[in-house]
Structures are given as C-alpha cells and as structure tokens.
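Chemist: Produce the complete structure using the sequences and hints provided.
Number of protein chains: 2
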Amino acid sequence: MALSRQDVIDAALGILDEYGLADLTMRRLADNLQVQASALYWHVKNKQSLLAELVRCILDDLPEPSGPWRTGIASWAAQLRERLMRHRDSADLVASMRALGLAATDLDDGPAALLRTAGLSEQQASLASQTLVHLVLGHVYEEQQRVQLAPLTGADADEEAARAAGQDFDGGVQILLAGIASSFATV
Amino acid sequence: MALSRQDVIDAALGILDEYGLADLTMRRLADNLQVQASALYWHVKNKQSLLAELVRCILDDLPEPSGPWRTGIASWAAQLRERLMRHRDSADLVASMRALGLAATDLDDGPAALLRTAGLSEQQASLASQTLVHLVLGHVYEEQQRVQLAPLTGADADEEAARAAGQDFDGGVQILLAGIASSFATV
DNA sequence: ACCTGAACACCGTTCAAGT
DNA sequence: ACCTGAACACCGTTCAAGT
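Chains as they are written, first to last, in the working numbering: chain A, 8 to 194; chain B, 8 to 194.
If you're looking for bench data, these hints aren't it; they were derived computationally from the structure.
Careful, some of the hints might be misleading.
[Unchecked claim] A few chain B residues that face chain A, going by a derived Cβ cut-off under 8 Å, partial list only: (1) Leu109; (2) Thr112; (3) Asp113; (4) Leu142; (5) Gln152; (6) Val154; (7) Ala157; (8) Gly178; (9) Leu183; (10) Ile187; (11) Ser190.
[Unchecked claim] One side of the interface only, derived from the structure: several residues of chain A facing chain B at Cβ under 7 Å: (12) Ala106; (13) Gly108; (14) Gly117; (15) Ala120; (16) Leu134; (17) Gln152.
Don't be surprised by glycine CBs; every beta carbon is placed ideally from N, CA and C.
Modeler: Put into structure tokens, the structure is as follows:
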C-alpha cells in the first residue's frame with residue numbers, strides 16, 4: 008500500500024520518542040518507512056514543515072484556560088507540561104518552531120485572554136502569559152534534558168525525580184501567579 | 008604564524024555574530040582561518056567543547072548579584088540580558104550548553120545565594136533563581152529570533168523594537184520579583 | 001499518483017603522513 | 001608542534017525517470 012502523509016507523521020513521532028530530535032533525520036525516517044529519502048518529499052514540503060506538523064500533533068486539543076484566573080492558569084500550565092512530557096524533546100521542538108514563527112506561536116493567546124477578562128490590561132496580560140509560556144517551556148526543556156543525561160550521570164530513581172520535577176514546576180508557576188496577583192493590586 | 012587556540016575562538020565568535028549559530032560549522036570556521044577543517048582538532052577537542060568555550064567568553068566576568076535582593080536581582084538580570092544581546096543566537100547557544108550540562112550550568116547559583124541570604128529557604132531560593140534564568144533565557148531567545156525574522160517579515164524600526172523588547176523584559180522580571188516577594192510573606 | 005536513483009552541496013571527525 | 005589530504009559516515013533537497 009502507498010504511504011500516506013499521516014504514516015510519515017506517525018513514523019516521525021515514533022523516532023522522536025524513541026531516539027530523540029537529533030536522530031530524527033529525513034533519511035532515517037525514510038529507512039524506517041522502507042522508502043527512499045526523496046519519496047518523503049512527495050508527502051511533505053520539507054523537514055521544517057514536518058516538524059511543524061509534529062508540534063501541532065503534540066499540542067492537539069490542548070484546551071484553553073478557563074474559570075477563575077489563578078486556578079485556571081495553573082491547571083492550563085500543568086496540562087501543557089503534561090502534553091509536552093508525553094514526547095521526548097518536545098520542549099526543544101516547540102521552542103524552535105515558535106522561534107521560526109511556524110507553529111505554536113499562538114500558545115500565549117489563551118492565557119492572555121483569560122487574564123484580560125480577569126481585569127489585566129492588554130499589555131499586562133500579554134506580558135504575563137508570555138512569561139508563563141517561557142517558564143513552562145524552559146522548565147520542561149531542562150527536565151527533558153535531565154532525563155536524557157540521567158543514564159550517563161548515574162540515574163536516581165525515575166519516579167522520585169519526576170515527582171520532584173513536578174513540584175519544582177508547580178512551585179515556579181505559583182511564584183509567577185503570585186507576581187501576577189500583585190500586578191492586579193497596582194492596576 | 009601558527010594558529011592559536013584563541014584565534015580559533017575569536018574567529019568562531021566572529022562567524023556567530025555575523026552569520027548565526029546555524030552557519031557556525033567547523034568547515035566554514037576552517038575556511039575562515041585559511042586552514043583545513045581537520046587542523047581545528049589540534050586546537051580544540053571537538054565542536055561541542057568549542058561552543059562551551061564561546062559560552063564562557065560570552066558570560067565572562069558577569070558579576071554576581073549583590074545588595075538589596077530586589078534591585079540586586081533586577082539589575083543582575085538586566086546585565087545578563089545585556090551580555091547575551093552582544094552576540095547573535097547566544098541565548099540558544101547558552102540554553103543548549105546548559106542542557107548538555109557543559110557550561111553555564113551554574114548560572115543560577117548567584118541569584119540563589121543572594122535570595123538565601125535575604126531569607127528564603129534553600130529550596131525556595133533555588134526554585135526562584137531557576138525560574139528567573141528560564142525567564143531571561145526564554146525572553147532573550149525570542150527577542151533574538153525576532154530580530155532575525157524581521158528582515159523577512161518587514162522590519163519595524165530597530166530602535167523602537169529594541170526599546171519595546173527591553174520594557175517587556177523588565178516587566179516580566181518585575182512580575183517574577185513581585186511573586187518572589189510574596190513568597191517571603193508566606194515563610 | 002507515488003516512488004526510485006543518482007546527484008549536489010553540505011556536515012563532524014579521524015588519522016596517517018608531511019614539515 | 002602544527003597542519004594537510006584523504007577518507008568515513010553522515011546530512012537535506014532536487015529532479016529526471018520509472019511504474
């Protein structure tokens with residue numbers, strides 16, 4: 008049977024999860040699908056657009072934050088982290104694509120909207136949500152990198168380390184939320 | 008005259024600034040120095056260690072934060088940003104090296120120490136400074152990426168955009184500092 | 001419509017050999 | 001001590017040609 012675009016995307020996600028972003032090459036992907044590398048270019052414009060597609064998959068149906076702003080944003084951040092943690096190197100991937108303005112550029116729109124309805128000015132809301140997204144991506148980036156370094160450095164118990172990282176994450180988000188709350192006061 | 012290790016580093020910084028991290032290849036660097044690519048490996052162990060050296064240069068003599076914690080941290084963050092903005096793609100470079108545990112891993116130590124002396128617990132201090140570094144790197148990363156995208160998208164006035172980015176940066180840091188301040192309250 | 005095969009212009013790194 | 005030259009094992013992408 009002929010290859011479908013979805014087959015290519017699925018195989019790419021598979022390589023990403025198993026071997027990481029650095030090993031996700033067009034040639035390797037082609038090998039995996041038992042096809043010549045050049046065949047991929049019938050299904051996909053180029054590597055960058057394929058990566059953008061992967062980002063779309065990873066962040067698919069991530070709900071917008073809603074409800075009371077503080078708990079709403081906190082749980083949105085946790086959900087975003089959870090989505091990212093499902094795929095290896097996803098924070099790196101998402102950050103790169105955001106940098107190129109290709110995908111996930113609108114990630115901050117959700118939190119910004121909620122903060123505006125909660126009373127922050129346009130500028131404050133976009134600033135705060137931008138900061139939040141930086142924080143989430145930065146934290147998950149380091150967390151994912153640590154996981155990959157663990158085998159080399161001598162891994163602590165995975166379960167324990169994951170719980171600690173999760174608490175660090177929540178703690179960081181709480182600091183930021185406290186800062187946002189005090190921004191309300193000075194409005 | 009024979010090439011020195013410092014010559015290699017200087018030329019690498021030159022390529023970084025003029026053409027960006029993606030174009031900083033060993034072969035191009037060698038061309039630039041009018042030497043074979045293999046010659047570089049006498050002066051430098053491999054590409055990664057060269058990049059680590061560049062990070063060390065970029066962050067050289069960045070002073071530790073001191074004084075009253077709030078203004079001390081704010082000005083430290085501004086100084087870090089200023090150092091990073093001197094070299095193209097530096098935030099990307101620093102983040103990558105931090106990820107590999109090679110250089111600049113101890114970037115958060117300074118702020119953490121100041122926050123501890125100011126009264127935060129070990130955990131809170133390291134969490135807050137980690138968050139701060141994420142914020143700085145994340146912000147500068149996007150700022151630098153935007154600069155590189157500007158020629159393509161239709162650049163606004165550079166001066167104006169830089170001032171706006173600077174204010175965004177300061178605003179983001181202020182939000183975080185407010186959050187840290189309110190963490191003191193709950194100690 | 002979908003894929004192959006060959007080519008182009010690149011990478012980082014190693015290593016014997018030259019001076 | 002410092003560098004060349006050639007090689008190895010890779011990249012992403014294009015494009016005529018096949019089915």
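Chemist: State for each hint whether it applies.
Modeler: Here is how each hint holds up against the structure:
The closest approach between the C-beta of Leu109 (chain B) and any C-beta of chain A is roughly 10 Å, which is over the 8 Å cut-off, so the hint fails. Contact between Thr112 (chain B) and chain A, as hinted, is not supported at the beta carbon level, the nearest pair being about 10 Å apart and thus beyond 8 Å. Of the supplied interface hints, the one on Asp113 (chain B) is violated, with its beta-carbon coming no nearer than about 14 Å to a beta-carbon of chain A, more than 8 Å. The beta carbon of Leu142 (chain B) comes within 6 Å of a beta carbon in chain A, closer than 8 Å, and the hint placing it at the interface holds.
Taken as an interface hint, Gln152 (chain B) checks out: its beta carbon lies about 4 Å from the nearest beta carbon of chain A, inside 8 Å. With a cut of 8 Å, the hint placing Val154 (chain B) at the interface with chain A is violated, because the nearest CB-to-CB distance is about 11 Å. Hint on Ala157 (chain B) is violated. Least Cβ distance to chain A is approximately 11 Å, over the 8 Å limit. For Gly178 (chain B), the interface hint holds, since its Cβ comes within 8 Å of a Cβ in chain A; the closest pair sits about 5 Å apart.
Checking Leu183 (chain B) against chain A: minimum C-beta separation of about 5 Å stays under 8 Å; hint holds. A least Cβ separation of about 6 Å between Ile187 (chain B) and chain A falls short of the 8 Å threshold, and the interface hint therefore holds. For the restraint placing Ser190 (chain B) at the interface with chain A, the shortest Cβ-Cβ distance is roughly 6 Å, inside the 8 Å limit, so the hint holds. Taking 7 Å as the C-beta contact cut-off toward chain B, the hint placing Ala106 (chain A) at the interface holds, the least distance being around 4 Å.
Here the hint on Gly108 (chain A) is kept, as its CB sits about 6 Å from the closest CB of chain B, short of 7 Å. The restraint placing Gly117 (chain A) at the interface with chain B is violated, with a minimum CB-CB distance near 18 Å, outside the 7 Å limit. For the restraint placing Ala120 (chain A) at the interface with chain B, the shortest Cβ-Cβ distance is roughly 18 Å, beyond the 7 Å limit, so the hint is violated. Taken as an interface hint, Leu134 (chain A) checks out: its beta carbon lies about 5 Å from the nearest beta carbon of chain B, inside 7 Å.
Using the Cβ-Cβ criterion of 7 Å, the hint placing Gln152 (chain A) at the interface with chain B is satisfied: the shortest such distance is roughly 4 Å.
Hints 1, 2, 3, 6, 7, 14 and 15, counting from the list given before, are not met by this structure.
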